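Colleague: Given only the sequences and the hints, what does the whole structure look like? Please build it.
Chain residues, written in single-letter form:
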Amino acid sequence: MKLTRLAVTLLATLCLLLAACGNPTAENKPSPISLNVFAAASLTEAFTEISTSYQQEHPNIHITYNFNGSQILVQQMQNGANADLFASADQRNMQKASSAGLVNKPEVFARNKLVVILPAANPSNIQTLKDLARAKTKIVVAAQAVPVGKYTLQVLDKLGKSPDYGTGYVEAVKKNIVSEEENVKAVVQKVQLGEADAGFVYSTDVTANVAQKLHTIDIPDNFNVIAEYPIAVTKTTQHSAEAQSFLDYILSDKGQSVLTKYRFLAPK
Amino acid sequence: MARAKPIRTIRPSLLTGFLIGVPAILFFLFLGIPLASLLFQQAPQRVWEELLQPDTLRALQLSLVTTTISTVLAVLLGLPIAYLLARTTFPGKRALETLVTMPTVLPPVVAGVALLLAFGRVGLIGRYLALFGITLPFTTVAVILAQFFIAAPFFINSARAGFAQLDTRYELAAYTLRATPLYTFLHVTLPLVRPALLSGIGLAWARSLGEFGATITFAGNFPGTTQTLPIAVYISSQIDLDKAIAIAVVLLAVSFGLLLALQLGQRKS
Numbered sequence: 006m007k008l009t010r011l012a013v014t015l016l017a018t019l020c021l022l023l024a025a026c027g028n029p030t031a032e033n034k035p036s037p038i039s040l041n042v043f044a045a046a047s048l049t050e051a052f053t054e055i056s057t058s059y060q061q062e063h064p065n066i067h068i069t070y071n072f073n074g075s076q077i078l079v080q081q082m083q084n085g086a087n088a089d090l091f092a093s094a095d096q097r098n099m100q101k102a103s104s105a106g107l108v109n110k111p112e113v114f115a116r117n118k119l120v121v122i123l124p125a126a127n128p129s130n131i132q133t134l135k136d137l138a139r140a141k142t143k144i145v146v147a148a149q150a151v152p153v154g155k156y157t158l159q160v161l162d163k164l165g166k167s168p169d170y171g172t173g174y175v176e177a178v179k180k181n182i183v184s185e186e187e188n189v190k191a192v193v194q195k196v197q198l199g200e201a202d203a204g205f206v207y208s209t210d211v212t213a214n215v216a217q218k219l220h221t222i223d224i225p226d227n228f229n230v231i232a233e234y235p236i237a238v239t240k241t242t243q244h245s246a247e248a249q250s251f252l253d254y255i256l257s258d259k260g261q262s263v264l265t266k267y268r269f270l271a272p273k
Numbered sequence: 027m028a029r030a031k032p033i034r035t036i037r038p039s040l041l042t043g044f045l046i047g048v049p050a051i052l053f054f055l056f057l058g059i060p061l062a063s064l065l066f067q068q069a070p071q072r073v074w075e076e077l078l079q080p081d082t083l084r085a086l087q088l089s090l091v092t093t094t095i096s097t098v099l100a101v102l103l104g105l106p107i108a109y110l111l112a113r114t115t116f117p118g119k120r121a122l123e124t125l126v127t128m129p130t131v132l133p134p135v136v137a138g139v140a141l142l143l144a145f146g147r148v149g150l151i152g153r154y155l156a157l158f159g160i161t162l163p164f165t166t167v168a169v170i171l172a173q174f175f176i177a178a179p180f181f182i183n184s185a186r187a188g189f190a191q192l193d194t195r196y197e198l199a200a201y202t203l204r205a206t207p208l209y210t211f212l213h214v215t216l217p218l219v220r221p222a223l224l225s226g227i228g229l230a231w232a233r234s235l236g237e238f239g240a241t242i243t244f245a246g247n248f249p250g251t252t253q254t255l256p257i258a259v260y261i262s263s264q265i266d267l268d269k270a271i272a273i274a275v276v277l278l279a280v281s282f283g284l285l286l287a288l289q290l291g292q293r294k295s
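Protein sequence lines correspond, in order, to chains Y and Z. Numbering-wise (our numbering), the first sequence opens with residue 6 and increments by one. Numbering-wise (our numbering), the second sequence opens with residue 27 and increments by one.
Some clues are possibly wrong.
Quick partial rundown of chain Y residues pointing at chain Z, CB under 8 Å, derived from the structure [to be verified]:
no.: 1; residue: Gln80
no.: 2; residue: Val145
no.: 3; residue: Ala150
no.: 4; residue: Glu185
no.: 5; residue: Glu186
Over 10 Å on every C-beta distance to chain Y, these chain Z residues come out as not near it, computed from the model [as the list claims (entries may be wrong)]:
no.: 6; residue: Phe53
no.: 7; residue: Gln68
no.: 8; residue: Thr114
no.: 9; residue: Pro207
no.: 10; residue: Gly236
no.: 11; residue: Val280
no.: 12; residue: Ser281
Simulated from the structure, these hints should not be mistaken for lab results. Please read these numbers as outputs of a predicted model, since none were measured by experiment. All C-beta atoms in this analysis are idealised placements derived from N, C-alpha and C, irrespective of residue type, glycine included.
Modeller: Laid out in structure tokens, this is it:
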């Protein structure tokens, strides 16, 4: 009993302490403007770095991200989520947002392409794209609803049309698919943990954090799908000038150099 | 077993009626309105059509099979543990009790990662299973394990509370009549804690049916093998929200039916 009381007291003290140290910031400054940026999950690392350098130049602007699958972000905005900027991993979802009257005119700020990733240990000894068709290879892709999942199917279609690979190859690869993940990071996770032998992801998903745990096989450009990333200021924003300024920053050399660092291709 | 006398209905005074009634009404509105808005979003026709879709049927079938197995496992393995925790003292018991509750605190996705790290192909235990050609991730067995991991604590805690509240004199009386411990447990103890067991089964089963995070992390998503109803709802919500809502209504209807059946079973005793 005594022990319980002691534990409760300790916990309560801890809570109080945490609450007390919680908010020394945000005092005695002119109330900063907060921008809510809804961005595709594949932009997580690059956008986080861009906002850090942007906020150093604009200390009065605070950027909060909501990273998720583009299709989920559109849904959240349709249901009234408070967004100032929307960056999509594909044109289709930006189109959806546009036709729902959610956003202003979008601009392409980056491009991306697909690669095949393997766990560093490479237990199935996969060396080329052809090896993906070997029986019992465990392949993980993103679900068709997710942009990268749709691109994966397009890549497979293109491979199927080439005489080097053919429809038999595509069927064998599709038979090896053991899971259709809900987003691209989940594909990376499964391969990185060694549970899957191969996965289709964006080349930008091979980030510094996971690069050592993964091998990459490039997909030749003629079979690859080049994804365009559009960004737009929302129509509901209260801070259109600030939102536009952040958008311009992303398009500027500074923003672009960060995107290149994270293996994005420059917009055409 | 003697039928327990129904508790005399209490006629509340105006004040207690008010104190009970107002929060109760608010609570039921808070619970009911979101559920009702799901129901009325779609015409029953649409829900019925959705139910007949092969992929929905497959997900429903998979959900029913896996949740039944995981609940049975929870009962078989959980019952002795619950009894042990309720009736005996041993060093480290408190720690064990806390451990049993941990999966309910863990965010399900983390639980899924934990299962991968343990039973995955390169996991602590999984790497040895792999030597025998057994790999669990992306299989229906993984779905069951994820549900069991998340839901078993609900059964164990409920059963433990039942055992703990039971007056040991009933069992002692049986012993004086020369009943063996096993006979006593099966014919005296279990019937007496039946309400607690049934409510535990209901909780564990419902939690398994709704399980999403640990399942998609540990077992992935593949129609027919690992795509349960909640995962089907989530995946289709990304392209077609109407379809997702229709499947969700199927999920709600199935769970409402089964939980109601359990409630009625409880009443009977």
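Colleague: Closer than 8 Å between Cβ atoms is the bar; does Glu186(Y) clear it against chain Z? Give me holds or violated.
Modeller: holds (6 Å)
Colleague: The output says Gln68(Z) does not contact chain Y. Does that hold with a beta carbon cutoff of 10 Å?
Modeller: holds (17 Å)
Colleague: A cut-off of 10 Å on Cβ-Cβ distance, and Phe53(Z) was said to be off the interface with chain Y. Does that hold?
Modeller: holds (25 Å)
Colleague: Minimum C-beta separation from Ser281(Z) to chain Y exceeding 10 Å: can you confirm that?
Modeller: Consistent with the label, Ser281(Z) stays out of reach of chain Y, its closest Cβ about 22 Å off (over 10 Å).
Colleague: According to the definition I'm using, a residue is off the interface if its beta carbon is farther than 10 Å from all beta carbons of the partner; does Pro207(Z) meet that for chain Y?
Modeller: Per Cβ check, Pro207(Z) is outside 10 Å of chain Y; nearest 32 Å; holds.
Colleague: For the restraint on Ala150(Y), tell me whether the closest CB of chain Z is nearer than 8 Å.
Modeller: Since the shortest Cβ distance to chain Z is 4 Å, the answer is holds.
Colleague: Report holds if the minimum CB distance from Val280(Z) to chain Y is greater than 10 Å, and violated otherwise.
Modeller: Since the minimum Cβ distance to chain Y is about 23 Å, Val280(Z) lies beyond 10 Å and the statement holds.
Colleague: Using the nearest Cβ pair, does Val145(Y) come within less than 8 Å of chain Z?
Modeller: holds (7 Å)
Colleague: Regarding the hint that Glu185(Y) lies at the interface with chain Z, is the smallest CB-CB distance below 8 Å?
Modeller: holds (5 Å)
Colleague: Verify that the Cβ of Thr114(Z) lies farther than 10 Å from every Cβ atom of chain Y, and report whether the claim holds or is violated.
Modeller: holds (20 Å)
Colleague: Please verify that hint: Gln80(Y), Cβ, nearest Cβ of chain Z, below 8 Å or not.
Modeller: Holds - the Cβ of Gln80(Y) comes within 8 Å of chain Z, reaching about 7 Å at its closest.
Colleague: Over 10 Å from every CB of chain Y: does Gly236(Z) meet that, or does the non-interface label fail?
Modeller: holds (16 Å)
The structure fails none of the hints (numbered hints given earlier).
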